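Q: Below are the chains, spelled out letter by letter.
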Amino acid sequence: MKILDIALNDFTRSVRSLFAIGMMVVAPLVITGLIYVAFSGAGSENSDLPIIQVGIVNLDQVPADVPVALGKTLADMYFDESVAGYIQPKIYPGEASVRSAINNQEIQAAVIIPAGMTAALMANQSVPPVRILQDPTLTIGPMVVKNMAQSLLDGIYGGSIAVQVHRQRFAVHGIAENSINLQSIIHDYEGWFTAFQRELFHSPQAALVLVTPQSAGEEAPSADPMAGILGQIMTGQMIFFAFFTGAYSMQSILKEQEEGTLARLFTTPTPRLTILGGKFLAVVFTVCGQGLVLLLVGRLLFKVQWGTPTSVLLTMLGQVASATGLGVLLISFVKHERQAGPVIGGGLTALGMLGGLFTVGMQMPEAFTRLANFIPQGWVLHAWRLSLNGAPSAEVFTTCLILVGMGATMFAIGGLRFNRRFA
Amino acid sequence: MRILDIAIKDLQQILRDRRAFLFIVAMPLVFTFFMGFAYRSMSQAPDPRLPIGLVDQDAGGELSQALGEGLAQAESFRLEAISAEQAENAVRSGKLAAALVVPPGFTRSVLAGTESQLELVVDPFSNRGQSVMEMVRPLVMHLYSSVEIAEMSLRAVESHIPFSSEVARQQELLAAFDTSWRAWDTSSEQGIAVEQVTSPPQAAHAEPFAGNPYNQASPGILVMFTLFGLITSATLLVQERRARTLQRMLTTALHTWEIMAGHLLAMFTLVLLQGLLLVVFGQLALGVNYLRQPLGVLLVMVSLAAWASALGLLIGTVAKGDEQVIVIAMISMFLLSALGGTWFPLEGAGRAFAAVGRLTPTAWAMTGFQNLLVRGLSFESTLLPFAIQLAYALGIFALAAWQFRRQAN
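The listed protein sequences derive, respectively, from chains F and Y. Under my numbering, read the first sequence as residues 1 to 423, first letter to last. Under my numbering, read the second sequence as residues 1 to 409, first letter to last.
It is possible that some hints are incorrect.
[Unchecked claim] Sample of chain Y residues facing chain F (criterion: CB under 7 Å; computed from the structure):
{"no.": "1", "residue": "L22"}
{"no.": "2", "residue": "E151"}
{"no.": "3", "residue": "A156"}
{"no.": "4", "residue": "V157"}
{"no.": "5", "residue": "E158"}
{"no.": "6", "residue": "I161"}
{"no.": "7", "residue": "P162"}
{"no.": "8", "residue": "V194"}
{"no.": "9", "residue": "A253"}
{"no.": "10", "residue": "L254"}
{"no.": "11", "residue": "F334"}
{"no.": "12", "residue": "F353"}
{"no.": "13", "residue": "A354"}
Keep in mind the hints are simulated off the structure, nothing from the lab. Everything numeric in this text was worked out from a predicted model, so none of it was measured. Beta carbons: idealized from backbone N, C-alpha and C, even for Gly.
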């Protein structure tokens, strides 16, 4: 029971500290929460992305008697009511003026419609490209502007291709070219293309069904893209701060050593092994408690689907074992509290980087990925990824075994060092 | 001279602490290098093409063959033929960025006008997955468009010359499809040209961040760690108050404003030196051209150091202990870094978040750096960011001074 008393005493001290709570729970939640607040509107149908200011330069001037003006059609698309919620267009006289407006950050992108566009298309000649100029610090806004232009041009080119195909097939079959009804072909194609685009807008899966990889028989990963992204980000943060908690909680042994309370404890009839065991157990309690709080808040607040109960339990076990083991090992090398800050801050940040905690979602080079296999944080991240993706429990179990093995080894080395130090 | 003495004393005290080296120098350098390496590895991999698998269950089908050819010819993809069983595992393990599954009888069904859907096995949350989705969709659109055009052409030809058999009709449909598909292939190469506007125009790049990913990573981490470095200097103020050195100083002929100015000067010097070190590292090791407009860079850094040191002073006066300094400094760092766009560009954030973010001093510091490094603008473009950051510095300093005087009294 003494071992439990010591563990509970240390655990209570940890959770009473404002600093500990800040670093163990508030910091990972603040980071994930900030990203949640930042992107919570993105990806939804009523996208909340900032308004994109677009400059339009229409150099495609056609005589008044020509019924089609493709440049004007393209320019008008940006003034359409349906895009008024996120596009704010403005007409500019020429390229120099839009360049200047981009440099002054008055607009984020510009569409330059080339001279002679309609004439070239009508004559079935090569059409000079529509140019999109963009602020080099941006990607999303200019991409939306480009996709809008692309969608209209696809319709125009499609109509042109339809005419070409008709001409070619009529020639093959010896049908007179003058029997081709150009207006009708373009009209029919436009009708089909508009309906196709509308269907894609309302149901993007109409042409291409997206399948998220998962294993049969397991719970499907989150269908909400935001929850999926947040799950990955929060996993990285949770692992980093779990290892921080492991080391920080173990730091209490140094504090007690410096304050002399540890020496006093050793004078009591309680065996040293029980005292040290109690301190180690407190670290396990703290890492467990922190993990549970973060999992719960992640589920309730950010709707993260962590995986099946079995996978989550196994992964948590691996996380607690390895974070506690590394914490004991790291602090066993530290002589006094002043040394602990740089060792915990520097050591865990470096290991977190190499373990891939700060680059979740990024495709890193092969060598880097291999290096993560030698780092406990890399294995915990791997285990959580399996769980989040709904991998079979057997696969998670193997990873958990590796983590428990790593944790036990580090714990044994650290424990031996402490035992020797206080012998 | 008294102000200088206090500043020198503070600096000596901070620099004697080995932790200062870690937080002020080592960590920002390692982070800059690491994040730039991460961005660079994505854009400069030995084979930057995205590996995509094709599960062709429509063996011999003309449409699936066309799709296969389209994927093989696309510059962005490295095509691999795989089985349906391998597809999900290969995508989940990251071996493939995605796998396109063509269902059995796809060609026959589509040409007959019955429903048959292509499947894209992809992780839609990953960068690679999103890139693949963006690039595969036009290909699929061209495929369906070609089928539609072929059917239109078939009906038109048929209205003049009826086909002798269903086989002849099908052959005509496929021939028209082939002509249309190849025409799309040529058309998709023209159409739209995208240009990143940099100044002067001849320095234009096709890639974002003026072709160097460190142009975003280096100033982003410089701004973020400027705030992180405040932990060391703000702690000093707390220790001074707790050890009652401050009270002792107040009994001397020193004025309160002199003590504050001394501390502020020390923090300002430290932040500026840290920034300069990161600038030199960025210039020499990462190829970020800070020296293109040295005066502009200096203006941004001086104003950044001004408000950051004022914030350090405020944290030092508000916090009651070392641990509170760390918590307040870190929360300020997280909030200001995220809101100011040092972690991710604000254009991807929600409207309200971006609007608030653009008001922060971090966002103005980033704008100043980006104007010079990415947009290639002149030194004048840093005047507005400089003025706004300086206004922030004055505001924060006024708050810190009020709190400091309250404590001194």
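Q: Is the interface hint for Y:V194 satisfied, with its Cβ closer than 7 Å to some Cβ of chain F?
A: Holds. Min distance 5 Å.
Q: Does Y:L22 pass the interface hint, meaning its C-beta sits closer than 7 Å to a C-beta of chain F?
A: holds (5 Å)
Q: Against chain F, is Y:V157 within 7 Å by beta-carbon distance?
A: holds (6 Å)
Q: Taking 7 Å as the limit, does the beta-carbon of Y:F334 come near enough to a beta-carbon in chain F?
A: holds (5 Å)
Q: Quick check on the hint: Y:A354 CB to chain F CB, less than 7 Å?
A: Check passed: Cβ of Y:A354 comes within 5 Å of chain F, closer than 7 Å.
Q: Hey, does the Y:A253 contact hint survive, CB to chain F under 7 Å?
A: violated (34 Å)
Q: Identify whether the interface hint at Y:E151 stands, where standing means a beta carbon of chain F within less than 7 Å of its own.
A: Since chain F brings no Cβ nearer than about 9 Å to Y:E151, farther than 7 Å, the hint is violated.
Q: Under 7 Å, Cβ to Cβ, is where Y:I161 needs to be relative to chain F, so tell me if that hint holds or is violated.
A: holds (6 Å)
Q: Report holds or violated for the interface hint on Y:L254, using the least CB-CB distance to chain F and a cut-off of 7 Å.
A: Violated - the Cβ of Y:L254 stays beyond 7 Å from chain F, reaching only about 30 Å at its closest.
Q: For the hint on Y:E158, does the least C-beta distance to chain F fall short of 7 Å?
A: Violated. Min distance 10 Å.
Q: Do the numbers back the hint for Y:F353, that is, is its least Cβ distance to chain F under 7 Å?
A: Since the shortest Cβ distance to chain F is 5 Å, the answer is holds.
Q: Quick check on the hint: Y:A156 CB to chain F CB, less than 7 Å?
A: holds (6 Å)
Figure legend: structure checked against the earlier numbered hints; hints not met, in rising order: 2, 5, 7, 9 and 10.
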